[in-house]
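Asks: Dock chain P against chain A, hints included.
Each chain, written out:
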Amino acid sequence: MIQIPGNDIFIALATWLRQWMLSIGLDVVFVDIVMALIRALMLAIVALVVFIVITWLERKVVARIQDRIGPNLAGPWGILQPIADAIKAITKEDTTPAGADVHIFNAAPILSAVAAVLVYAVLPFGPNPGGDCAGAPCGPMAGTDMSIGLFYVLAVGAVSLIAVLMAGWSSNNKYALLGAFRAVAELLSYEVPQVLSIAAMVMIAGTMNMTQIVEVQTVPFIFPLFVTALVFFVSGLAEAGRSPFDLVEAESEIVAGYHIEYSGMKFSLFFLGEFVHAFAVCAVITTVFLNGWQGPILPGWVWFFVKSFAVYFIMMWIKFTMPRFRIDQLMAFNWKFLVPVSLLNLLMLAVGDTVLKSVAITRETNPLLWGGILFMANLALLFVAMWALGRSARKSRLDKRPIVARVEDVKPVQSPVVTSN
Amino acid sequence: MDGWAFVGIFVVVAAVLLTVPLIIAALLAPRKPNPIKSETYECGMETYGDTRVQFKAQYYVYALMFAIFDIETIFLLPWAMAYQEFATIFPLIEMIIFVLILVGGLAYAWRKGALEWF
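For the protein sequence lines, the chains are A and P, in the order given.
Read in this note's numbering, the first sequence has 180 at position 168, and its numbers run on one by one without any break.
Read in this note's numbering, the second sequence has 387 at position 105, and its numbers run on one by one without any break.
Same shape as in the complex, but just chain A:
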């Protein structure tokens, strides 16, 4: 009987498979490569299953929010709807517009989807059990346990931008090009607060390794890093091109933006890229701020998905409630609000944590007090930021009123005095 480290079904399966392959006399290097291939295939399938679940869930949730029922004909509660969609997408004609740059046009949807799926390589679905799994140290419950995991998420997340630009440029369509311009401006801008919030996370966690980030969370990092979490969530929404930051593909303005000329399966791949990316943002938030896989009774990966889908539900809620930004509002919100706030947040965390360290309250020694004090500091910063935002918004609203509306500015017209005799 094999000793199962970590008491987890997936680790047990992997250990058993590895032992079986070694027992029939295969070379160790070959076995390692096969195991990596299986892991990669499993991860990609996880991403696809997440996409299937999300398409169904999103349509059900939007229907409920808009007081409809949603898909209900294909299977019970419409759960077979994604399969019907897939069959439809596969059998639709795939058109290429005249004057398109065909190779770039065909490569863009694949790049978009692959870039989104790649983020899943570093997500930790469960604890690293340690110990020995059939003659090798047990790996973590993640594709790879990279030391720069968080930075990898950032780097790979930005690749989807290239796919959007490729699609917009190669389509030979003015709407697509406008969408690509907007996408580049939006994603470039929101990269800055994202990097700044990742710097804050790394500073407090002391590591970029995703597994270790979960392990060092003596208290969920959403408390000491509240403002950071909000900034990361908002810039994640923008990076995944979700509403209210979806002016990249605004239907009512530029028809569909960069994917206007795509049809059939290529169109579906763009959607896959967007949804899988949005879920990856939720999974990173779960890992960094919400204690990742940690939770009582249930196995780690169940907790991981429960928390990620809870964050995703908030994302859907925002998507179906908020109106879309204008591009000037989008840029102003980023550069005049998010960037200064995340810079201040970084300073506040650095100073606050150092002061607390000097009185021997740290993450390890007194997590509750440490988290509580930093949470209060975060709330204070948030309060000041929201006050400044409200004030400047009111000011700009008053400045931009149409001239006719400024009643108090209009001088009362002197009616000509008619004098008779």
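It should be emphasised that the hints constitute simulated quantities derived from the structure, not laboratory data.
None of these values were measured; they are calculated from a predicted model.
Any given hint could turn out to be false.
[Said to hold, decoys possible] List of simulated lysine to aspartate or glutamate pairs, DMTMM-like, C-alpha gap at most 25 Å: (1) A:K186 x P:E328; (2) A:K348 x A:D411; (3) A:K104 x P:E321; (4) A:K186 x P:E324; (5) A:K331 x A:D97; (6) P:K314 x A:D113.
Replies: Chain P in isolation, oriented as in the chain A frame:
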């Protein structure tokens, strides 16, 4: 399989897995292009002029801002990685000065009107 080797394998697996539906679609889907169908779709109007038009200079200004800020924030990451091991307060002061330079740059750009969308 450590770090980057796995990422290499994963790129290949993901690309293959996502290209398979495209191949299936190419086999199953009808393919009957005609000149009218493959015209550029611009809401029914015939397309006019060149598509690759000049773009607004404002995008360029934002790209410059991005380049400045992203590079400067990348310098913050090594500092943040080392933060937990600092024994003295001097690295913190240096970082505060560095961030204040960033804030100064942002304030300058703001004042000069680089953050306005015209």
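Asks: What are the numbers of the hints that this structure violates, sorted from low to high?
Replies: Nothing - there is no hint that the structure violates, so all of them hold.
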